[in-house]
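J.: Given the coordinates of chain A, work out where chain B should sit on it, guided by the hints.
There are 2 protein chains.
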Amino acid sequence: MTQSSPRRLKLGFILHGVGRTWDDWRHPDRDVRASTSFPFYLHQARLAERGKFDFLFVADSLSINEKSSPHYLNRFEPITILSALAGATTHIGLVGTLTVSYSEPFNVARQFASLDHISNGRAGWNVVTSWLGDTAANFSKDSHPEHHQRYRIASEYIDVVQGLWDSWEDDALVGDKAGGVFVNREKLHRLDHQGEFFQVRGPLNIGRSAQGQPVIFQAGASESGRDFAARRAEVVFCGPQTLAEAQDYYRDLKDRARKFGREADQPLILPGVAPVIGLTEEEAEQRYRELSSLGSLDSGLGFLARAFNDHDFTHYDLDAPFPDVEALGRNSNQSASLRILELVRRDNLTLRQIAERLATPRGDFVGTPGQVADTLQNWFESEGADGFVLFETLPGQLELFVEHVVPLLQDRGLFHRDYEYSTFRENLGLPYPINRYTAQRVA
Amino acid sequence: MTQSSPRRLKLGFILHGVGRTWDDWRHPDRDVRASTSFPFYLHQARLAERGKFDFLFVADSLSINEKSSPHYLNRFEPITILSALAGATTHIGLVGTLTVSYSEPFNVARQFASLDHISNGRAGWNVVTSWLGDTAANFSKDSHPEHHQRYRIASEYIDVVQGLWDSWEDDALVGDKAGGVFVNREKLHRLDHQGEFFQVRGPLNIGRSAQGQPVIFQAGASESGRDFAARRAEVVFCGPQTLAEAQDYYRDLKDRARKFGREADQPLILPGVAPVIGLTEEEAEQRYRELSSLGSLDSGLGFLARAFNDHDFTHYDLDAPFPDVEALGRNSNQSASLRILELVRRDNLTLRQIAERLATPRGDFVGTPGQVADTLQNWFESEGADGFVLFETLPGQLELFVEHVVPLLQDRGLFHRDYEYSTFRENLGLPYPINRYTAQRVA
Numbered sequence: 001m002t003q004s005s006p007r008r009l010k011l012g013f014i015l016h017g018v019g020r021t022w023d024d025w026r027h028p029d030r031d032v033r034a035s036t037s038f039p040f041y042l043h044q045a046r047l048a049e050r051g052k053f054d055f056l057f058v059a060d061s062l063s064i065n066e067k068s069s070p071h072y073l074n075r076f077e078p079i080t081i082l083s084a085l086a087g088a089t090t091h092i093g094l095v096g097t098l099t100v101s102y103s104e105p106f107n108v109a110r111q112f113a114s115l116d117h118i119s120n121g122r123a124g125w126n127v128v129t130s131w132l133g134d135t136a137a138n139f140s141k142d143s144h145p146e147h148h149q150r151y152r153i154a155s156e157y158i159d160v161v162q163g164l165w166d167s168w169e170d171d172a173l174v175g176d177k178a179g180g181v182f183v184n185r186e187k188l189h190r191l192d193h194q195g196e197f198f199q200v201r202g203p204l205n206i207g208r209s210a211q212g213q214p215v216i217f218q219a220g221a222s223e224s225g226r227d228f229a230a231r232r233a234e235v236v237f238c239g240p241q242t243l244a245e246a247q248d249y250y251r252d253l254k255d256r257a258r259k260f261g262r263e264a265d266q267p268l269i270l271p272g273v274a275p276v277i278g279l280t281e282e283e284a285e286q287r288y289r290e291l292s293s294l295g296s297l298d299s300g301l302g303f304l305a306r307a308f309n310d311h312d313f314t315h316y317d318l319d320a321p322f323p324d325v326e327a328l329g330r331n332s333n334q335s336a337s338l339r340i341l342e343l344v345r346r347d348n349l350t351l352r353q354i355a356e357r358l359a360t361p362r363g364d365f366v367g368t369p370g371q372v373a374d375t376l377q378n379w380f381e382s383e384g385a386d387g388f389v390l391f392e393t394l395p396g397q398l399e400l401f402v403e404h405v406v407p408l409l410q411d412r413g414l415f416h417r418d419y420e421y422s423t424f425r426e427n428l429g430l431p432y433p434i435n436r437y438t439a440q441r442v443a
Numbered sequence: 001m002t003q004s005s006p007r008r009l010k011l012g013f014i015l016h017g018v019g020r021t022w023d024d025w026r027h028p029d030r031d032v033r034a035s036t037s038f039p040f041y042l043h044q045a046r047l048a049e050r051g052k053f054d055f056l057f058v059a060d061s062l063s064i065n066e067k068s069s070p071h072y073l074n075r076f077e078p079i080t081i082l083s084a085l086a087g088a089t090t091h092i093g094l095v096g097t098l099t100v101s102y103s104e105p106f107n108v109a110r111q112f113a114s115l116d117h118i119s120n121g122r123a124g125w126n127v128v129t130s131w132l133g134d135t136a137a138n139f140s141k142d143s144h145p146e147h148h149q150r151y152r153i154a155s156e157y158i159d160v161v162q163g164l165w166d167s168w169e170d171d172a173l174v175g176d177k178a179g180g181v182f183v184n185r186e187k188l189h190r191l192d193h194q195g196e197f198f199q200v201r202g203p204l205n206i207g208r209s210a211q212g213q214p215v216i217f218q219a220g221a222s223e224s225g226r227d228f229a230a231r232r233a234e235v236v237f238c239g240p241q242t243l244a245e246a247q248d249y250y251r252d253l254k255d256r257a258r259k260f261g262r263e264a265d266q267p268l269i270l271p272g273v274a275p276v277i278g279l280t281e282e283e284a285e286q287r288y289r290e291l292s293s294l295g296s297l298d299s300g301l302g303f304l305a306r307a308f309n310d311h312d313f314t315h316y317d318l319d320a321p322f323p324d325v326e327a328l329g330r331n332s333n334q335s336a337s338l339r340i341l342e343l344v345r346r347d348n349l350t351l352r353q354i355a356e357r358l359a360t361p362r363g364d365f366v367g368t369p370g371q372v373a374d375t376l377q378n379w380f381e382s383e384g385a386d387g388f389v390l391f392e393t394l395p396g397q398l399e400l401f402v403e404h405v406v407p408l409l410q411d412r413g414l415f416h417r418d419y420e421y422s423t424f425r426e427n428l429g430l431p432y433p434i435n436r437y438t439a440q441r442v443a
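So the protein sequences, as listed, match chains A and B.
Just so it is clear: in the first sequence, position 304 is 304 by UniProt numbering, and no numbers are missing.
Just so it is clear: in the second sequence, position 2 is 2 by UniProt numbering, and no numbers are missing.
Isolated chain A, as found in the complex:
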């Protein structure tokens, strides 16, 4: 970003089918098959692109059981649905979650590079390590690596993937028909990675794409996760419940990044937000009641089970103090379980109270388009966010956001009026990753 250009917020949209929590599918306007409906995804994607969103985001998980929420039970695989959308959109970024725990770096490097070519430079990879206790059983493994180990694996994994993405220098493909030279072999490189967890020779069998390398997303929340994000991520996705939480996270992560020698504006930090918009305050409140009427106690208990290693909470007295399950969260979703425990302690909640709160969190974004735009602006201008990743809480909310909130953000100079560049990386204001071998040659 040059000094003269104003700081603009970035917007992503989370694509999901039947909803984002346990009971969203029960809304009268939901198609219960939306999670595997390409027409639905296409409609949402095009709507987001009409609203000039910087990117679409497809989350993921790898195992289900009898306690899983409907939005996990049945869903598109991210790489495939993003590739399908790549051919049907022109400017919007395409970000997908893919775990390093149960995949091969060569395959992952290749699929994202291929998506990057198909989309002409619009791919992003949200790097995650798997934490759901029973995922290992789908991959011929007995158990996950322990929490700390997972980030060491992830770090080496990204080294390999980014190394493979540099296999081809930008001008390696020559295509000299008369001379019979297809590729300049001095600009096509083996990686010859020999690490602790991976040994990968390369080169990758696909050239560099328009943006050089796909953009790296990460959602570090635990201590080791934050360090990882601060070192490696270009964009960080997070889930604060309040502005104060957002500011704490923002400050902490930028501090860590600076210690690792990164530029002040990196990584971009984008909290997830779940607005409930109405054209009037009354309408917004009515919509929030509509939303919370869908949430059930079961959903809250399901959410708890997910954070605490699939522990069954249905056997406890709902109105007694929250049970002692701290140890269960430690090697599962560490950050989510810690946050829940903090909330329980701070507000002295019973099991029923925390379950209800988790089922339908209200958040700061219930209101008119103007109120929602104000809150977004406030978070953005008070060091809480570099932008936002939007969840659609109710059918029709994305359209309301695109029609009514986006123009306000544009009028206030906070958001671009149109895509300024053709690649995702450029639209985010991220630097072009100069090929390591080209850099060596120049040095």
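Just so you know, these hints were derived from the structure itself, not from any lab.
Please note that the accuracy of each hint is not assured.
Label pairs and their in silico Cβ distance ranges [unchecked claim]: (1) A:E66 x B:T242: 56 to 62 Å; (2) B:Q241 x A:D170: 37 to 43 Å; (3) A:A443 x B:D134: 27 to 33 Å; (4) A:R152 x B:Q241: 51 to 57 Å; (5) B:D298 x A:A210: 28 to 34 Å; (6) B:I434 x A:R251: 56 to 62 Å; (7) A:D176 x B:E223: 42 to 48 Å; (8) A:N184 x B:F260: 48 to 54 Å.
For every residue, glycine included, the Cβ atom is placed at its ideal position computed from N, Cα and C.
T.: Below, chain B alone, put in the same frame as chain A:
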């Protein structure tokens, strides 16, 4: 296929970018970046769909080195490009190669199931085991499993994938909003596979698609490969050079399939063909010369290297008898190397002669649209083929085939005038795979 419907040939088209052999990229009309050009793939795909082709086919390989052909060096990954094309086509099948050697069955089951949903029932998986000697080095492995072992792994792998595809019975997704029942849990099944090579619990986190399961393709050529294809494949792709070779293969494979208890019309056997079409015989001959002028001795030597475990053939006397390299082919591409050795012995060829023949094989399909249609009809009617998979030899050949050969096949009642069904499986005349758990319940 009911008794009253006429037997119709099936047509597939191999999508590739810069060509199918070493020197195709040097043709003046080739875009040297076609292999990663989505507009080019989209154009080819739509042209094939206009010609009512049953399917598109994307081949694959997983490692490159300094000897690799341009069409291997730089290419789309199959799942991503097929997903992108899924959103831009409506009826044509989408078949991709994916190796069982360096992937996880859960991921593969999921990606093909997802592609099957995106395309509304048009996915096919070409199951291969990897044989290029240096692929293991891209996947943190020292070496491939040996040839025979690879098919035992592949067989168990398909068991797992097809088992996961049955996780959801057809009517498992209930979506009863009033009753709060999203899924009928009695119709959502764990696989609990505990095998020699894989342990996979399931269920898969995506429901059954419109065609039940993606179609299984295979290209068994060696003894164990043929047995594997005869047992497991629904469609077999093969590469005979002559009608006699095609008939031998056809008879052998159908015999094997019968012994394994399969129906007489299964699997479908589709030889690859590489027509060179001209509107007159002279034009066809001129085009063939145009094609063979691109082929170089280096290409033939490269082809040999690939079949014989990356052996370097450039150090031999080109005009001496073919060197003794039989052992090198055995654990590499066994079937290709054996065929080359047979050809060398039968025609008593020098290294130069076999290399030239491999660089530009002429085949039986050089001629006018009528001549090409005659030959296709002859192969189809004399038990050499159930249909064909078409390679485009020169730019413009697919269009000639669609405009001039397809109508002849249609006029003769050999090929459908339009897609009769919405799913790939139905268009191929293959049975719907009844869910195993539903079948148990009914029994």
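J.: Against each hint, give a clear statement of whether it holds in the structure.
T.: Consistency of the hints with the structure:
1. A:E66 x B:T242: 56 to 62 Å: The hinted range 56 to 62 Å holds for A:E66 and B:T242, with Cβ atoms some 57 Å apart.
2. B:Q241 x A:D170: 37 to 43 Å: Since the Cβ atoms of B:Q241 and A:D170 sit about 41 Å apart, the hinted range of 37 to 43 Å holds.
3. A:A443 x B:D134: 27 to 33 Å: holds (30 Å)
4. A:R152 x B:Q241: 51 to 57 Å: Because 52 Å falls inside the window, the suggested range holds.
5. B:D298 x A:A210: 28 to 34 Å: With Cβ atoms ~31 Å apart, the hint holds.
6. B:I434 x A:R251: 56 to 62 Å: Distance hint for B:I434, A:R251 holds at roughly 59 Å.
7. A:D176 x B:E223: 42 to 48 Å: This hint holds: roughly 43 Å between Cβ atoms.
8. A:N184 x B:F260: 48 to 54 Å: 50 Å Cβ-Cβ, so the 48 to 54 Å window holds.
Comparing the model with each numbered hint stated earlier shows that all of them hold.
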